[in-house]
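Student: If you want the building blocks of each chain, they are given just below.
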Amino acid sequence: MVPGAGTRRELLVSRRWIQAAALVAVFGFFVMGVLALRTYTAQPPVPRLVVSESGQEVYTGRDVADGQKVFLAHGLMQYGSVLGHGGYLGPDYTADYLRRAATIALRASGGGDRAREQLEQEFRTNRYDPRSGVLTYTRAQADAFTALVGHYRGYFADPRTGKGLRPYAITDPRQIHQLTAFLSWTAWIAAAERPGEDYSYTNNWPGEPLVGNVPTADTVLWSVVSLIALLAGIGALFGAVGRWGGHLGWRGRQAETVDFHSPDQVALTPAQRVTAFFFLVVALLFLAQVLLGGATEHYRADLTSFFGFDLAGLLPFNLARTWHLQLSLFWVVAAFLAAGIFLAPLMAGREPRGQGRLAWTLLIALVVVAFGSLLAEGLSIHGFVPPGSFWGSQQFEWLDLPRVWQILLAAGMALWAVMMWRVLRGTLARDSRGNLPWLFFLAGLAIPGVYAVGLLARPGDTFTATDFWRFWVVHLWVEDFLELFTTVMVAYMFVQLGVVRERVALVVIYLDIILYSAGGVIGTMHHLYFSGEPVEHLALGAFFSAMEVVPLTFLTVEAWSFVQLGARQHMESRTPFPHRWAVMFLVAVGFWNFLGAGVFGFLINLPIVSYYEIGTGLTANHAHGSMMGVYGMLAVALGLFALRYLIPAGRWPEKWARVSFWSLNIGLAWMCFATLLPLGLLQLHESVASGYFEARSLGYITGSTNTLLEWLRLPGDALFIVGGVLPFCWIAWLGVRHRGRQAAADPATGLTPAPRLSDVREPVDSA
Amino acid sequence: MIGPFVTESVLAYGYAAALLVTAAGLDRLARRVAGRSERRRRPGRTPSHDGREIVRAPRPWPHSEAGRFHRGLALVLVVLAASLTLVEAVRHPAWPDLALAAAVLAAAAVTGRWLTGHLRAAPAGFPEPGQRTANRDR
Ligand code: HEM
Ligand SMILES: [Fe+2]
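As you go down the protein sequences, you meet chains V and W in turn. Residues are numbered in the working numbering as their position in the first sequence, beginning at 1, plus a constant of 896. Residues are numbered in the working numbering as their position in the second sequence, beginning at 1, plus a constant of 4.
These aren't lab readings, by the way, just hints derived from the structure by calculation. Remember, predicted model here, so these are calculated numbers, not experimental data. Yeah, the Cβ is synthetic: ideal placement off N, Cα and C, and Gly gets one too. Do not take every clue at face value.
[As the list claims (entries may be wrong)] Stretch by stretch, here's where chain W covers chain V in the computed footprint (C-beta under 8 Å, at least three residues):
{"id": "1", "region": "1483 to 1489"}
{"id": "2", "region": "1562 to 1574"}
[What the hints assert, rightly or not] In silico negatives: residues of chain W with every beta carbon more than 10 Å from chain V:
{"id": "3", "residue": "V14"}
{"id": "4", "residue": "V25"}
{"id": "5", "residue": "L102"}
{"id": "6", "residue": "A111"}
{"id": "7", "residue": "G116"}
{"id": "8", "residue": "R117"}
{"id": "9", "residue": "W118"}
{"id": "10", "residue": "T120"}
{"id": "11", "residue": "G121"}
{"id": "12", "residue": "A125"}
{"id": "13", "residue": "P127"}
Please build the complete structure, drawing on both the sequences and the hints.
Tutor: This is the structure in C-alpha cells:
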C-alpha cells in the first residue's frame, strides 16, 4: 500500500465539472456505440458470388477481400483512393471504375438517349439477393468487368514510371483479377440503390452523370442544418462566456511574484535526461519526414523526373507519401511521450529507481518500430511481401504499419503508460480522482487505448467497417484525445512554472473536455459521409463536427488565456522567463488551431462540399494546416520546454529558436496560401464544373496552372526545412550534448527528487 | 476569357487581392489579441514591488509578441500576393490584364507599408528583468 492512501486531497473544482464532462463523454460514446452497431447492420453487403445474367461467375466475395489486400499491400491507398479515401495524386479508383465501366457499357450499346437511360437503370438497380448472397451483374456490367481486368492489367504492369508508381507495379494476373473485383465492388455500392431508398449505398457518391449519381436530399439538408448549428453554437458560446465567463476564474491575478529558476539551477532526474535523446530522435524523424514531403511534392510538380533522375524506380510516389505520413505521426507521438516522461516527475516530486532505464527501453522500442515498419512498407510496396501479411503489409492510409508493428507500437505506448503510473502512483493515491494528476494519467492512458482501436480495421474486412475503425484513430485520436492530453500537459507546464494555479488549470481542462468532446466524438463521422454508411452517420457527423469548430474559435479568441495570463507574471520576476519560444510556439498552436483546423477544416466539412471535395487539394490544405500547424508546432513547443533545461543557460541558442519559430510558421503559411489553398479551390471548381472523375485525373492535376502553383511553394518549403527544421535539429543536438545536470538520488530509497522550476512568493489571490 | 481579360489572370489577381484582405484581417486580429490584455488589467494599478508608480500599462508579453506574430504572417501574405501578381503578369503580359496587375501591386505596396508600420510600432515586449523599468514606461 502506498503511504498516505485513504486521505485524499480534495477536489479543487466543483463536482459539477466532472459530472458535465462525464455526461458529454458518455453521451458521445453511447452514440458512437450505436453507430458502430449500425455500421455492421447497414453496411453494403459483400456478395458471396457475383454472376452474370447467364449464370457465369464474374468474381467472388473472397476476391473482393483479397483485392482489398492487394490494393493496400501495393500502397495504392497512398497513391489514389477508393470511396474518396487515400492519396490525391492517383485517381479515385471507385470513380475511375464507375466511369470506365459505364463508358464501356454505353459504347457497347451504341449510345443515344435510350441507351443512356437503360444504362443508368442497369447500374442503379440492386440485383443482390440477400438470401443466396448472389449478386447478378447485367451483361453490360459483366462485359465491362472483363474489359476492365484488361485495362488494369495494362495500367499496373506499365514498365514506365510516368504515373509515379514503380515500374511493373502489379503483374500477377490473379492479383489483377482480385484488385479489379475489389474496385468493381466499390463501384457497385456507389451506384446500386440501397434497398428501400432511391440513393446508392454511398449516398450517391461519387457524382457521375452516366449512372445518375447526384447529391441526395439528405446531403443538402444536413449541410444547411450543420451550418446553422455552427452559427448557433458560436453565438451560444460567446453569449455564455460574456455572461458567466468571469466566474471561470482564470482572469484573476495570482501569485504576486514568481522567480523562475535558471535552467542551470534545475537538476534533472535520470529519465528526464534521457528525453534529450528522445528529442533528438524527434528532430531527426521530423527532418526525414519533411525531406520525404519534398520528394512527394516533387512528383506533383514534375511527375516524370526528379531533376533528371528517375526516382520512381526506388522511391515511388506512394512509398514517399507512406513514409511522409507515418513519420508525421511518429515524431509527434514521440515528442508527446517524451514530454510525459519529463513532466511526470515534476508532478510527483520524485522519480523512482529504474525509470531512466525504462525510458531507454521505450526509446529503443520506438526506434525499432519506426524503422521496422517503414522498412516493411517499403518491401511491401516493392512487391516482396504477400498481401495481407501479419508481418509485412497493411497500409491503410495513416495506419500504414503492418499489424505486428501496429501491435508493438500500441505495446510501446502501454509501456509508457506503465512508466507514468510508476512515477505517479503515490500522488494518485493521495489525490482526488478529479484533480490534475489523475486527469494527466487518464488522458495519457487514452492515447494507447484509442490507438489500439485501430487494430479493429483488418485488411480483409469490408471497407466500410475498416474505415469506421480507422477514423477512430485518424480523427478521434488526433482531434479529441491528443487535443485533450495537450491541454493537460500545457496546463501542467504552467502550473509547474508557478504562473497558473492548479484550480484555474483544472477549469480550463474540464471546459476543454466538454467542448471538444461535444462535437469531436460523434464528429468522427464527418469522414464517413460516403463510405457506405447509412444516412444517420452523415446527418450526425455533419451536425456534431460543425460543433467542433466552436471551441477552436473560442480558444483562439480567448487564446490560451491561462497561458497568457500566466506568462505575464514574469513581469515581476527577478529572473528571466526561460520559455519565450515554447510559449510562442503555443501561440502558433492557437493560431493554427483556428486557421488550419477550424477554418480550413470547416471549409470542407459540409456534406455537400465534401461530396465534390473529398480526396482533393483542399483536404491536403487542411491536413497540413492542422497536423503541422497544431500538433507539429506543439511537439516543437514541448521539445523546447524540456530542452531549455537540458541545455546549460549559457549555451541556449536563443537565436536559433527564434529562427526556427519564424521559419516554420512562415513556411507553413506560404505552403498553404501559395499552393494548397488555391490549388484546392481550382480543383473543387473543376470537380463541380466538369466532374469528380475529371478533377482527379492525372491530366488535370499535371495541367499548366497546377504545375505553376506546385512550383510556387518551393520558397516556403525551402524556408521550412532549412530555416525551421534544421535549427530545431541543432537545438536537439545541443540537448544530447549537454543533457542537463543530474540530481543526486537518495541512496536509501533510490528515489531522485524532481526539480522545482520556480519559487512562488507571497501568493495573493485577487480575482 | 472573362470580358477582355484572360481567365487565369483574373483568378490570380483576384486571389492576390483576397490575400491582401486576409492580411488586413490578420492585422485586426493582432490588434485584438494585443488589446485584450489591456482591458483585462486592473485599472489604477498601484506600486509594484520596487515601489514605482506605474502610469501607463505596457502591453504585456506574450500578447505583444503574439500581435507581432500575426502581423508577421500578414506581411508574408502581402509578399505572396505581390509575387503571384508578378508571376502572372509575366505569364500573360497582355494589355488590359496588366492594368489589373498594376492595381493589385499598388494595393500590395500600400498594405505592406501600413503593416510594416504597425509591426515597427509594436515591439515584442519580452521583459528582461534588468530593463523592466524601461519596458514599462514605454
Ligand atoms: C487539430 C485538429 C485537426 C487535425 C489534426 C485534422 C487533420 C486532418 C487530416 C490529416 C485529414 C486528412 C485525412 C485523410 O487523409 O483521410 C483531415 C480530413 C478532414 N478533416 Fe480534419 N483535422 C482537424 C480538425 C478538423 C476540424 C475542426 C474539421 C471540421 C469541423 C475537420 C474536417 C475534416 C474533414 C471534413 C476531412 C475529410 C476530408 C477528406 O476526406 O477529403 N478537421 N483532417
Ligand atoms: Fe476529422
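Student: Take the hints in turn and mark each one as holding or not.
Tutor: Evaluated hints:
For the region 1483 to 1489 of chain V, the stated coverage by chain W holds: 3 residues have a C-beta nearer than 8 Å to a C-beta of that chain, and at least 3 were required. Restraint check on the region 1562 to 1574 of chain V versus chain W: 6 residues with Cβ-Cβ distances below 8 Å, three needed, restraint holds. For V14 of chain W, the requirement that its beta carbon stay farther than 10 Å from each beta carbon of chain V is met, with the minimum near 13 Å. The Cβ of V25 of chain W sits about 12 Å from the closest Cβ of chain V, beyond the 10 Å cut-off, so the non-interface label holds.
Remark: the non-interface label on L102 of chain W is consistent with the geometry, its nearest Cβ contact in chain V lying 18 Å away (cut-off 10 Å). At the 10 Å boundary, the C-beta of A111 of chain W stays outside the reach of chain V, the nearest C-beta of that chain being 16 Å off. In this structure G116 of chain W is separated from chain V by more than 10 Å, as the shortest Cβ-Cβ distance comes to about 15 Å. No beta-carbon of chain V is positioned within 10 Å of the beta-carbon of R117 of chain W; the least distance is around 19 Å.
For W118 of chain W, the requirement that its beta carbon stay farther than 10 Å from each beta carbon of chain V is met, with the minimum near 19 Å. The beta carbon of T120 of chain W sits about 15 Å from the closest Cβ of chain V, which is more than 10 Å, so the claim that it is off the interface holds. Against chain V, the non-interface label of G121 of chain W holds: every CB pair exceeds 10 Å, the least being about 20 Å. For A125 of chain W, the non-interface assignment is confirmed: its Cβ lies about 19 Å from the closest Cβ of chain V, beyond the 10 Å cut-off.
Here P127 of chain W stays apart from chain V, with its beta-carbon at least about 14 Å from theirs, past the 10 Å limit.
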